[in-house]
Each structure stands twice: as C-alpha cells, then as structure tokens.
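Enquirer: What follows is each chain in one-letter form.
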Amino acid sequence: MGASGATPLKLVLAGAATSAILSSLVVAVMIPRTNVMDQFRFWQVGSVGTGSWDAIQLFIPFLVIGMVIALFTAPALNALALGDEVATGLGVRTGTLRLFAALGGVLLCGAATALAGPIGFIGLLATHVVRLIIGPDIRFILPMSALAGAIILTVSDVCGRLLGSPGELEVGILTAFIGAPILILITMKAKMRAL
Amino acid sequence: MKPTHTLQAEHLTSGYEQKTILEDVSIAIPSNKISIIIGANGCGKSTLLKTMARLIKPTGGQAILDGKSIHQMSPKHLARVLGLLPQSPIVPEGITVADLVGRGRFPHQTLFKGWSKQDYEAVAEALEMMNITEFADRNIDELSGGQRQRVWIAMALAQQTDILFLDEPTTFLDITYQVEILDLLTDLNKKYGTTIVMVLHDINLSARYADYLFALKNGRLLAEGSPKSIVTSALIKETFDLDSVVIEDPVSQTPLIVPVGRYHAV
Chain X
1 MGASGATPLK
11 LVLAGAATSA
21 ILSSLVVAVM
31 IPRTNVMDQF
41 RFWQVGSVGT
51 GSWDAIQLFI
61 PFLVIGMVIA
71 LFTAPALNAL
81 ALGDEVATGL
91 GVRTGTLRLF
101 AALGGVLLCG
111 AATALAGPIG
121 FIGLLATHVV
131 RLIIGPDIRF
141 ILPMSALAGA
151 IILTVSDVCG
161 RLLGSPGELE
171 VGILTAFIGA
181 PILILITMKA
191 KMRAL
Chain A
1001 MKPTHTLQAE
1011 HLTSGYEQKT
1021 ILEDVSIAIP
1031 SNKISIIIGA
1041 NGCGKSTLLK
1051 TMARLIKPTG
1061 GQAILDGKSI
1071 HQMSPKHLAR
1081 VLGLLPQSPI
1091 VPEGITVADL
1101 VGRGRFPHQT
1111 LFKGWSKQDY
1121 EAVAEALEMM
1131 NITEFADRNI
1141 DELSGGQRQR
1151 VWIAMALAQQ
1161 TDILFLDEPT
1171 TFLDITYQVE
1181 ILDLLTDLNK
1191 KYGTTIVMVL
1201 HDINLSARYA
1211 DYLFALKNGR
1221 LLAEGSPKSI
1231 VTSALIKETF
1241 DLDSVVIEDP
1251 VSQTPLIVPV
1261 GRYHAV
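Residue numbers (the numbering used here), protein chains in the order written: chain X, 1 to 195; chain A, 1001 to 1266.
In isolation and in its complexed conformation, chain X is listed as follows (with noise of 0.2 Å):
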C-alpha cells in the first residue's frame, strides 16, 4: 500500500476504486442478458427474500473457510491492533497477517454478497455497535458481530415486510436508509473523544 503502510485514506480511496472496476465488470456480464435483468434488479438492491437452501449449500464451504480464517487470524489481528511495530516485536508477521485476514474477510462478504446482493452497512454497523458494547478485544468482536449482524439483518427484513406491505421494501434499503445515518453519528462520536 505505498511507502507509508495502508492508511485509512489509502483503503478508502482503494476500495473506491475496486468497486467502480468491479461494478463495470458486472455491468458489462449483465448488458447483453435481457432475460436476468429482472433478477438483477433485486439482487442489486439487496433482498434476503431471493435466498434458497440450494445457493447456501453451494457457498457453503466458502463460508467455512472464512469463518475458520477469522478466528484463527483473531489473537494476531489483537496484537496488530496495538500498531505495525508492535505486533512484529509480539512476532506477528504483519503482510501474512494481513493477506490472511484480508482474504478471510473476502470470501465471507463476498458469499454473503453473493446470496442477498450488496445489503449495505450491517457489516460496518454490526462490528462498531459490538465493540462499543463488549470492547476492543477481536477474538470476541469476530463472532459477536456474526451474531449482531444475523439479528440487525432480520430486524430490518421484518420492518421492511411491515413497512412495504402488502408487497416489501427491499432490506438493502432499509439499512442503507437507517444504516449510513447511524454510522455518521459513531464516527463523529469516536471522532470526537479522539480530539
């Protein structure tokens, strides 16, 4: 990530990027498909209602591996929280570590993308309410989180039903409506106990 490490304004300004290549490329799977567009249109907004038993079995193992590289990688993601040059005088190697955890998270948001669309926030949303509740300690943050997004997800699915009835406002919606206001008032408030 250039000479001075991965700096938050590096990732945003990478992760920026990464999604406008990867939104053109299935753009450019999609255009010349008539006949999924109409699936793609609730797969875009982000739906739990599109899921079966049948695409979870096929994500399965993927989920698997994530989960196993989340916890396994949690005591040394601890360590790296304290800084780069601590977790290498703790014996982290801090670029495997890194690579480890990245790919971990990859393949968890990536199957869950997969299956509902892109539901937005509950990720961010999820870890940041679990950390001001139980603190920083990520061995315990990584599952909590898993457990807080599965009920922040079913929560706003049920109000999105209760809302759109008799049809359904779709949860992506939902949480990108509740959600991004939510996390302006975190960041703010982490923001200004930092001052």
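I should point out that these hints are in silico values taken from the structure, not numbers from a laboratory.
Treat the hints with caution; some may be incorrect.
Stretches of chain X that chain A covers, calculated by requiring three or more beta carbons in the stretch to come under 8 Å of a beta carbon on chain A [claimed, not checked]:
1) 75–81
2) 84–92
3) 111–123
Cβ-Cβ distance ranges computed for the label pairs, FRET-style [claimed, not checked]:
4) A:Gly1094 <-> X:Leu63: 27 to 33 Å
5) A:Asp1183 <-> X:Leu99: 41 to 47 Å
6) A:Tyr1016 <-> X:Val68: 33 to 39 Å
7) X:Leu162 <-> A:Asp1137: 41 to 47 Å
8) X:Leu162 <-> A:Lys1057: 57 to 63 Å
9) X:Val12 <-> A:Gly1193: 46 to 52 Å
10) X:Thr50 <-> A:Glu1128: 54 to 60 Å
11) A:Gly1145 <-> X:Cys159: 43 to 49 Å
Every value quoted in this text rests on a predicted model; they were computed, and no experiment measured them.
Yeah, the Cβ is synthetic: ideal placement off N, Cα and C, and Gly gets one too.
We have chain X already, so just place chain A on it with the hints.
Expert: The following block gives chain A in isolation, referenced to the frame of chain X:
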C-alpha cells in the same frame, strides 16, 4: 537471573527506501546490562534499534542473536527472547489496562491453548512491577502520560523476554516521570538481569542510568564504553556539535554535561 545472550550487529547498514541512514555499524550489546544509544537527531539511533529488533530489514550486514541472524529466526521464537517497545504505539479505543498488558503474552500463546496460568501470572507480575495493579480495569484513555507509559512497559514486561528494546521511552514525559520510568527499568535490570537497550534524548539521564553507552554520528559509531570512560566535552562536541563542560554529577558521580551556548562563556 535471566540467561546470558550474545547480541551483535555486524556491519549493519540500513535505512528507508533509497536513503541509507545507518552505515556499517558493528556493535556488541553487553548482556544483562543497560545500554543506551545516544546521538543527535537523525543520526540513526532509532534506525539502529529498529534494525536490531528486526522492524527494518538491513540493506547490508546482519543482527545476530546467539549466533543466528535475527531476520532468519522464527518471529514468534524471537519474540520470546527479544521484546520491543516502539516510540508511538497505537492505543485501541476503549481498551483496559489489563487487556493491553495481556496482549504482550501473544508470543507465548498458541491457537488451541487459551490463556494459561503462566499468562495470568505474567500479567499480574508486570502490573505489580509497574505499580499499576490498581488501574487494571481502568480505560487507558483515563490515565496520565506517565501512567500510560508504565502500561506500555508493563505490556513489554508481560512478554517476559530476556532482552528489552525501548525507543525513547521517556519522550513527552515530565522530568519526574522520566526519572520514574528509568528507575523502574533499572529495577527490572537489577531484579531479573534483563538486558535493556534504549534510545534516549537526555544525555545526562543517559550518562546516569547506562552501564554502557553507544554514541552515533551520521549513521556511524563514534564511541562506546561506560559513561565515565567515554563522556568528555570533546565527545559531546563531536556527537552533538555542542560546546559544554563535563563535571561530576553530585548525586550519581556520573558525568554531567553542562551546555555553554552563545550567551555564556566558560
């Protein structure tokens, strides 16, 4: 007492990207003693410390611990012998003192074995040693600068290494806390025989607390030896480009450097 280790730098050359900061430095760290690296800003003292603690890969030469190059040793194995406290570690938001100190146990833990009795004992001992047991459950954000630095040193202590590197452990602290930190590190050296290597800015405190000094200038070793044997006004002139008078410290009988400056004459 901690076992004896041989730790050397052999023709160590190192720096950042294209810029060479440290050039051909060969030193041997005295085991079970306190060594302090001194020198002007940018002379390479931090780089020397970081390269010997394998934070920076040398571009030439090597750092050798007990006959093996440290950059080829298993990182976790090395972390059980050589600990390091860098200059500006990151404090995770909302972390408690005990949690942070406990993270120093990482090299002693394996994936399948959780926290052992030794881990808890090591943390309790480190807290005790730094006089921060009463803060164990407190949030680090609530502590003063001097207390915070004691927490970081306790983290490095919990690692229970025979050798401890510290990069300017007293920077930004009031003189009271500077002396307190250096006293605590001396306790550590006297009680366990821990080999301590640190970079310090304050030359007078260095002369008082060091068993052995390394003076660097422009990335090269200028002088080494016990403070009494090497600290002279000539050395200070050469190291820091400063005119000074060296007298005997009335408290510790070590060399005391009194700077001259432009407005005074000797």
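Enquirer: A separate judgement is required for each hint: does it hold in the structure or not?
Expert: So, going through the hints one by one against the coordinates:
1. 75–81: Satisfied; 5 residues make the cut.
2. 84–92: Since 7 is at least three, the answer is holds.
3. 111–123: violated (count 0)
4. A:Gly1094 <-> X:Leu63: 27 to 33 Å: holds, 29 Å
5. A:Asp1183 <-> X:Leu99: 41 to 47 Å: Between aspartate 1183 (chain A) and leucine 99 (chain X), where Cβ atoms are some 43 Å apart, the hint holds.
6. A:Tyr1016 <-> X:Val68: 33 to 39 Å: holds, 37 Å
7. X:Leu162 <-> A:Asp1137: 41 to 47 Å: holds, 43 Å
8. X:Leu162 <-> A:Lys1057: 57 to 63 Å: holds, 59 Å
9. X:Val12 <-> A:Gly1193: 46 to 52 Å: 48 Å Cβ-Cβ, so the 46 to 52 Å window holds.
10. X:Thr50 <-> A:Glu1128: 54 to 60 Å: At 58 Å between Cβs, range holds.
11. A:Gly1145 <-> X:Cys159: 43 to 49 Å: holds, 47 Å
The structure is inconsistent with hint 3 alone, although it conforms to all the rest.
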